[in-house]
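Undergrad: Sequence:
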Amino acid sequence: MTAAHGDAGEGGVGAFVDASARLTGFGAEELSALGMAETYRAVVVTQAGSERCARLVDALSGSGSAVTLDGELLDLAREVTHLWYTGSWPGRPGESGSFVVSAASYAAGLVWRTLAGHAPGTRPAGFGSWAGVPAGAEGVR
Numbered sequence: 002m003t004a005a006h007g008d009a010g011e012g013g014v015g016a017f018v019d020a021s022a023r024l025t026g027f028g029a030e031e032l033s034a035l036g037m038a039e040t041y042r043a044v045v046v047t048q049a050g051s052e053r054c055a056r057l058v059d060a061l062s063g064s065g066s067a068v069t070l071d072g073e074l075l076d077l078a079r080e081v082t083h084l085w086y087t088g089s090w091p092g093r094p095g096e097s098g099s100f101v102v103s104a105a106s107y108a109a110g111l112v113w114r115t116l117a118g119h120a121p122g123t124r125p126a127g128f129g130s131w132a133g134v135p136a137g138a139e140g141v142r
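Residue numbers (the working numbering): 2 to 142.
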């Protein structure tokens with residue numbers, strides 16, 4: 002855990018962010034800045050249970066660079082990673098279905114940062130942005 006994120010007074014949110022940083026490849030500070038950590042932790046606890054969530058966080062809290070997860074913890078790690086990247090819970094076969102957590106979570110999805118863009122429909126494109134032909138599409142008809 003980082004000094005900035007590991008406090009029990011936060012209800013485990015800091016440890017969850019640190020574990021999520023290991024899963025996503027984004028820094029804990031960057032994940033915290035999205036403003037979704039408490040919401041995402043609550044979704045994981047609701048969907049997977051607090052005990053499973055705590056086990057995943059514990060498994061990822063080691064200082065080593067390589068972590069081996071298997072079985073249900075590997076599935077949960079994939080679900081948490083999916084949540085951060087897309088803003089939606091993927092659901093599990095035979096259990097709860099998939100759902101978008103909120104409009105804010107969709108806009109905050111890491112997929113948009115990875116693509117160096119923003120979520121469609123979440124930011125104004127700017128005055129006159131569609132008046133001309135997009136760069137690189139001049140010859141396309």
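Just so you know, the hints here were simulated from the structure itself, not pulled from any lab data.
Among these hints, one or two may not hold up.
To be verified - Using C-beta positions, here's what the derived DEER-type ranges look like:
1) 139 - 76: 17 to 25 Å
2) 92 - 70: 14 to 22 Å
3) 105 - 30: 16 to 24 Å
4) 55 - 125: 24 to 32 Å
5) 28 - 79: 16 to 24 Å
6) 129 - 31: 31 to 39 Å
Predicted model only: the values in this text are computed from it and were never measured.
All residues carry an ideal CB built from backbone N, CA and C; glycine is no exception.
Undergrad: Using the Cβ atoms, figure out if residue 129 sits within 31 to 39 Å of residue 31.
TA: The hint (31 to 39 Å, Cβ to Cβ) holds, given that residue 129 and residue 31 are roughly 32 Å apart.
Undergrad: Verify the CB-CB distance for residue 139 and residue 76 against the hinted window 17 to 25 Å.
TA: 47 Å, violated
Undergrad: Holds or violated: 14 to 22 Å for the Cβ distance of residue 92 and residue 70?
TA: 19 Å, holds
Undergrad: Can you let me know if the beta-carbon spacing of residue 28 and residue 79 is within 16 to 24 Å?
TA: 21 Å, holds
Undergrad: Does the beta carbon distance between residue 105 and residue 30 stay inside 16 to 24 Å, or does it fall outside?
TA: 19 Å, holds
Undergrad: Is the hinted range of 24 to 32 Å satisfied by the C-beta distance from residue 55 to residue 125?
TA: Since the Cβ atoms of residue 55 and residue 125 sit about 41 Å apart, the hinted range of 24 to 32 Å is violated.
Checked against the numbered hints above, the structure breaks hints 1 and 4 and satisfies the rest.
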